[in-house]
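Q: Since the structure of chain A is provided, determine the placement of chain B on it from the hints.
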Amino acid sequence: MLTSVVLLAFAVICVQSQTELVLPPLPYAYSALEPVLSEHLMRLHHDKHFDTYTKKTNEALKTIMADTSANEQLKELAKKPLEEILHDVLHLPEQYQFPLRHNGGGYYNHKLFFSMLKAPTATAAENKPTGVLLEAIESSFGSFDKFRELFSAASINLFGSGWVWLYIDAQTHKLVLNFTANQDNPIMFDKKHVVLLGIDVWEHAYYPVYENRRSEYIDNFWRIVNWPFVAQLYAEGTTKRADL
Amino acid sequence: MMISAAIVFLITFAGVYSQTTLTLPPLPYAYNALEPVLSEKLMHLHHDKHFFAYTNKTNMVLRLLCNETKDGDKLKEIGNLPIEIILTRLGELPETYALSLRHNGGGYINHKLFFSLLKAPTATAAENKPTGVFLEALEKSFGSFDKFRELFSAASVNLFGSGWVWLYIDARTKTLVLNFTANQDNPIMFDKNHFVIMGIDLWEHAYYPVYENRRAEYVENFWRLVNWPVVSQRYIESQTKRSDL
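Protein chains in written order, with UniProt numbering: chain A, 1 to 244; chain B, 1 to 245.
What the hints contain is simulated information worked out from the structure, not anything from laboratory work.
Careful, some of the hints might be misleading.
[What the hints assert, rightly or not] Where chain A lies over chain B, by a calculated footprint (3+ residues, C-beta under 8 Å):
| id | stretch |
| --- | --- |
| 1 | 75-86 |
| 2 | 195-207 |
[Claimed, not checked] The calculated lysine to any residue pairs, modelled on SDA-like cross-linking and capped at a C-alpha distance of 20 Å, are:
| id | chain 1 | residue 1 | chain 2 | residue 2 |
| --- | --- | --- | --- | --- |
| 3 | A | LYS48 | B | GLU212 |
| 4 | A | LYS80 | A | ALA66 |
| 5 | A | LYS56 | B | ASN158 |
| 6 | B | LYS49 | A | GLY160 |
| 7 | A | LYS55 | B | ARG214 |
| 8 | B | LYS112 | B | TYR29 |
| 9 | B | LYS41 | A | TYR210 |
| 10 | A | LYS62 | A | LEU23 |
| 11 | A | LYS55 | B | ASN158 |
| 12 | B | LYS57 | A | ARG213 |
| 13 | A | LYS56 | B | GLY161 |
| 14 | A | LYS48 | B | PRO209 |
| 15 | A | LYS174 | A | GLU236 |
| 16 | B | LYS192 | B | GLU237 |
Glycine residues also receive a C-beta, built at the ideal position from the N, C-alpha and C atoms.
Extracted from the complex, chain A is given alone in its bound form:
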């Protein structure tokens, strides 16, 4: 009897946790990124935008589970961790693809983004990576300053809504810069891309503080990049790979 209760509870939790994404709290106070990103902006960005992506992803997953015309393969995919779903999302039929790509992508991107930030340094110049990550950046881009220049240019030039990314390319194993539109993420294009750093250049990410002045947002973004966290992603990304 107890066993069956435990098994039932376990089953419920498993099904529940696969389909119920939770809005992760910010890893710092809402005001921690002042004056680069204001408390008000962080509340909007986290409690409204990120929260909406969370809810809509959960709705999309529930809809698939309840959809009698959805095939078993799709339902199996919907039970997987979000990251795995995103690996295959571009192959799904449109009606299922868009809600998961848009909102699941939004959830995944924002979860990553907020964890890559920290309280600002006084200037951008004094906030730099060190160690193997710095070496990898220098190896791929010539210098850290050159990397920053290229990343910033890509961020300013991105038209519309999207993200600029630094990631370890799945094929070349090199650090690359690239951008995605809307809430797309590099892992949608190749599950082995290892995302290290990203910047949200949707207008909501900077408008309350910078209004139309996106380049000012980008200049100040360098003050809040959490390089130790990014270095951790790099270390994880390079150790998992038995083929490097």
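A: Same frame as chain A, but now just chain B:
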């Protein structure tokens, strides 16, 4: 003799100059005229910063295009056409020009149209409706004005990322259709004979200073601002210009 030469020179100069120098049209109303639906602050940002940047950037690209010696005079000729025509011929331009004009030239014509379609708000959305032949056309295409508004609003709320929702006369079917474009694309980029009647800017900058993330609220209140006489006039123009209808 001198005077006529001077006049010819001035016309040529003005002609060439005006083809490649777009001006930022002033708002057809005061910056605070759309309060409380769109605040004075938002209108200053939207017009003086965003629309202004599109104007400048388009001019920069057009200047380059008009000095482009590749392909003989072909690119220069295109560069001297009105922007609305250039945007129907982007496929004839090298990619860097095409992309830049699509973005900034698109931004220019979209905002020029958008601001001209707005007016001081009515107290409620319900009391702001079109009349006459245009209302009849909407009813014919969508069943009722309310149904049209519902569909337009739904499309606006659902558009993901940056873009616009449009009501236009389709080039082929000659009927009123609803559609959306991403970024600063305009229906004429897809068919030069699409006739745009109205549109709504759904880039976050169009509503964030007042509505923050609440796009649905912006869309609901947008209906209080639509200048139906201007929109109707566009519809009437579209019907009279077309000799094939």
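Q: If a hint holds in the structure, say so; if it does not, say that too.
A: Hints and how they fare:
Given a C-beta distance limit of less than 8 Å, the hint that chain A covers the stretch 75-86 of chain B is violated, as 0 residues qualify and 3 are needed. Against chain A, the stretch 195-207 of chain B contributes 3 residues with a C-beta closer than 8 Å to a partner C-beta. That satisfies the three-residue criterion, and the hint holds. Straight-line distance between C-alpha atoms of A:LYS48 and B:GLU212 comes to about 9 Å, which keeps the hinted pair within the 20 Å bound. Distance hint between A:LYS80 and A:ALA66 is fulfilled; the C-alpha atoms sit about 16 Å from each other, no more than 20 Å.
Distance restraint check for A:LYS56 and B:ASN158: the Cα-Cα separation of roughly 12 Å lies within the 20 Å cut-off, and the hinted pair is therefore satisfied. At most 20 Å may separate the alpha-carbon atoms for a hinted pair to count; B:LYS49 and A:GLY160 meet this at roughly 16 Å. A C-alpha spacing of about 15 Å is found between A:LYS55 and B:ARG214, which places the hinted pair at or below 20 Å, so the restraint holds. For the hint linking B:LYS112 to B:TYR29, the alpha-carbon distance of about 13 Å falls within 20 Å, and the restraint holds.
Distance check on the hinted pair: B:LYS41 and A:TYR210 sit about 14 Å apart at the alpha-carbon level, within 20 Å; holds. Restraint check: the Cα-Cα separation between A:LYS62 and A:LEU23 comes to about 17 Å, which is no more than 20 Å; the hinted pair holds. For the suggested pair A:LYS55 and B:ASN158, the alpha carbons sit about 15 Å apart, so the restraint of at most 20 Å is met. Of the supplied pair hints, the one linking B:LYS57 and A:ARG213 holds, its CA atoms being roughly 15 Å apart against a limit of 20 Å.
Of the pairs offered as hints, the one joining A:LYS56 and B:GLY161 holds, with about 15 Å between alpha carbons and a cut-off of 20 Å not exceeded. Of the pairs offered as hints, the one joining A:LYS48 and B:PRO209 holds, with about 15 Å between alpha carbons and a cut-off of 20 Å not exceeded. Between A:LYS174 and A:GLU236, the direct Cα distance comes to roughly 15 Å. Compliance with the 20 Å bound is thereby established for this hinted pair. A threshold of 20 Å between alpha carbons decides the hint, and for B:LYS192 with B:GLU237 the separation of about 16 Å falls inside it, so the pair holds.
In summary, the structure is inconsistent with hint 1 from the numbered list given earlier, while agreeing with all the others.
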